[in-house]
Amino acid sequence: MSVVIAFLIVGILGLILGFGLAVAEKKLAVEKDPKLVALESSMPGANCGGCGFAGCQAYAEAVFNGTAAPGLCSPGGEALARKMGEILGVEVELKEKMTAFVFCRGGSEVTKTDYIYKGMADCNAAALLQGGPSGCKEGCLHLGSCISVCPVGAIGRDEKGNIVVDKEKCIACGKCVSVCPNHVIKLIPYSLEWVCACNNHEPGGKVRKTCQVGCIGCKMCETKVDGSPFAVEAFLSSNDWNKDQSTAEKAAEICPQKCIVRRS
Amino acid sequence: MSYLGIVITYVFIQNFILVQFMGLCPFIGVSKNSESAIGMGVAVTFVTAITSAVCWGVSHLLLTPFGLDYLQTIAYILVIAALVQLVEMVIRKMSPGLYQALGIYLPLITTNCAVLGIAVINADNGYNLLESFVAGLSAGLGFTMAIILMSNIREKLEMTPVRKVFRGVPIAFISAGLMALAFMMFDKSLLTNLGLV
Numbered sequence: 001m002s003v004v005i006a007f008l009i010v011g012i013l014g015l016i017l018g019f020g021l022a023v024a025e026k027k028l029a030v031e032k033d034p035k036l037v038a039l040e041s042s043m044p045g046a047n048c049g050g051c052g053f054a055g056c057q058a059y060a061e062a063v064f065n066g067t068a069a070p071g072l073c074s075p076g077g078e079a080l081a082r083k084m085g086e087i088l089g090v091e092v093e094l095k096e097k098m099t100a101f102v103f104c105r106g107g108s109e110v111t112k113t114d115y116i117y118k119g120m121a122d123c124n125a126a127a128l129l130q131g132g133p134s135g136c137k138e139g140c141l142h143l144g145s146c147i148s149v150c151p152v153g154a155i156g157r158d159e160k161g162n163i164v165v166d167k168e169k170c171i172a173c174g175k176c177v178s179v180c181p182n183h184v185i186k187l188i189p190y191s192l193e194w195v196c197a198c199n200n201h202e203p204g205g206k207v208r209k210t211c212q213v214g215c216i217g218c219k220m221c222e223t224k225v226d227g228s229p230f231a232v233e234a235f236l237s238s239n240d241w242n243k244d245q246s247t248a249e250k251a252a253e254i255c256p257q258k259c260i261v262r263r264s
Numbered sequence: 265m266s267y268l269g270i271v272i273t274y275v276f277i278q279n280f281i282l283v284q285f286m287g288l289c290p291f292i293g294v295s296k297n298s299e300s301a302i303g304m305g306v307a308v309t310f311v312t313a314i315t316s317a318v319c320w321g322v323s324h325l326l327l328t329p330f331g332l333d334y335l336q337t338i339a340y341i342l343v344i345a346a347l348v349q350l351v352e353m354v355i356r357k358m359s360p361g362l363y364q365a366l367g368i369y370l371p372l373i374t375t376n377c378a379v380l381g382i383a384v385i386n387a388d389n390g391y392n393l394l395e396s397f398v399a400g401l402s403a404g405l406g407f408t409m410a411i412i413l414m415s416n417i418r419e420k421l422e423m424t425p426v427r428k429v430f431r432g433v434p435i436a437f438i439s440a441g442l443m444a445l446a447f448m449m450f451d452k453s454l455l456t457n458l459g460l461v
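Chains as they are written, first to last, in this note's numbering: chain A, 1 to 264; chain B, 265 to 461.
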């Protein structure tokens with residue numbers, strides 16, 4: 001019997017409160033512009049913050065108020081940008097989809113190790129100890145802080161244990177970019193095929209001593225190939241994706257360290 | 265205990281944040297600028313005051329007559345959740361700016377243990393309706409005072425050179441700890457000396 005009473009009392013209390021809230025919701029309803037509602041419902045809802053706003057709703061509001069341009073949302077991509085433009089009735093400037101890429105192919109096999117790290121499996125913790133266990137202080141630490149921070153599970157390891165980003169899954173939210181203590185992960189266009197997968201700015205001699213696959217800044221890719229998109233700055237080659245990419249493959253062949261690689 | 269005694273108790277001697285360490289989540293989360301801190305303080309004060317009164321009613325008119333005191337926690341949480349929803353609707357209607365500034369912390373008042381805490385403390389102390397209300401109100405005021413003090417400190421901290429590892433939340437927690445130390449000077453003897461017991 002007491003069970004029934006308890007059930008009734010709590011049930012009635014809940015009913016009264018729920019009913020009161022329903023009434024209050026009607027009375028205190030805030031009228032929203034139908035355009036804003038349409039914008040909000042078209043957002044992907046990942047709340048990744050890649051657009052630079054607090055979340056999907058904040059971005060939708062900013063677009064609605066005209067303080068932000070449509071098309072900043074990388075998970076939504078082109079389709080969303082177009083849809084937002086349709087809702088607002090404006091032309092949308094499309095920008096290329098970006099994806100994250102790990103600029104390092106080093107590992108225990110090819111890179112010298114300074115010491116054995118047995119601490120927390122966190123790159124930022126390891127980086128505090130003399131810049132990490134790896135001989136290369138600008139390369140990947142392989143502890144996978146980026147894997148755990150990725151909201152869509154796009155980052156994983158290949159068979160060698162190197163960290164790779166699945167460019168199909170990547171939404172370019174930039175979380176891995178900011179968590180990486182060595183800034184090894186950068187955003188590059190989805191279509192960019194050839195990249196110099198190294199982040200070491202040290203002179204060639206030093207790089208040779210620590211890593212077999214590091215860029216030594218020899219400038220072969222820049223000077224030996226006509227119209228090469230690659231350029232060396234601070235002993236590190238990088239692909240300028242605004243330039244013509246047709247000779248990139250040649251540059252990769254010529255690279256003595258074979259650190260210019262094709263993205264999978 | 266007189267009403268003034270209750271006010272002094274919950275604003276200073278048993279300050280929810282700095283002495284009992286309840287409701288630290290919004291205390292750290294919303295104390296970045298004083299404007300949203302005041303908004304949060306007012307919202308919490310409103311919720312604690314009304315919950316105290318309503319929970320007294322629920323407890324004395326519904327639960328005790330049927331011998332259902334063991335349902336106290338569930339019933340209180342129901343009341344708190346509904347009230348917070350109401351406060352959220354009101355703030356959304358009245359001040360969209362404040363609604364934005366409070367963000368996720370507004371619905372989180374539901375799980376702010378200061379709110380459930382004051383309801384349970386009222387029941388434990390056997391306060392009557394008015395005493396419960398005053399206790400709730402002053403608990404909220406104590407919260408508001410602490411969060412406003414904290415927000416002012418944090419606004420100053422933004423301008424201060426702080427070591428990188430301590431910047432942001434860590435230094436805020438250290439400041440909160442020092443504030444809590446300062447609040448230890450208030451104790452029960454204050455009430456006795458003021459002749460309020």
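Think of the hints as simulated: they come from the structure by calculation, not from any bench. Quick reminder that beta carbons are idealized off the backbone N, C-alpha and C, glycines included. Check each hint, because a few of them may be wrong.
Cut-off 30 Å, straight-line C-alpha distance, at most; resulting in silico cross-link-like pairs (DSSO-like, lysine-lysine) [claimed, not checked]:
no.: 1; chain 1: A; residue 1: K186; chain 2: B; residue 2: K428
no.: 2; chain 1: A; residue 1: K137; chain 2: A; residue 2: K186
no.: 3; chain 1: A; residue 1: K35; chain 2: B; residue 2: K428
Covered by chain A, according to a simulated footprint, are these stretches of chain B (three or more residues, beta-carbon under 8 Å) [as the list claims (entries may be wrong)]:
no.: 4; segment: 320-328
no.: 5; segment: 354-363
no.: 6; segment: 440-446
How the hints compare with the structure:
| no. | hint | in the structure |
| --- | --- | --- |
| 1 | K186(A) with K428(B) | 24 Å, holds |
| 2 | K137(A) with K186(A) | 17 Å, holds |
| 3 | K35(A) with K428(B) | 43 Å, violated |
| 4 | 320-328 | holds (count 3) |
| 5 | 354-363 | holds (count 4) |
| 6 | 440-446 | violated (count 0) |
Of the hints listed earlier, those the structure fails to meet are numbers 3, 6, in rising order.
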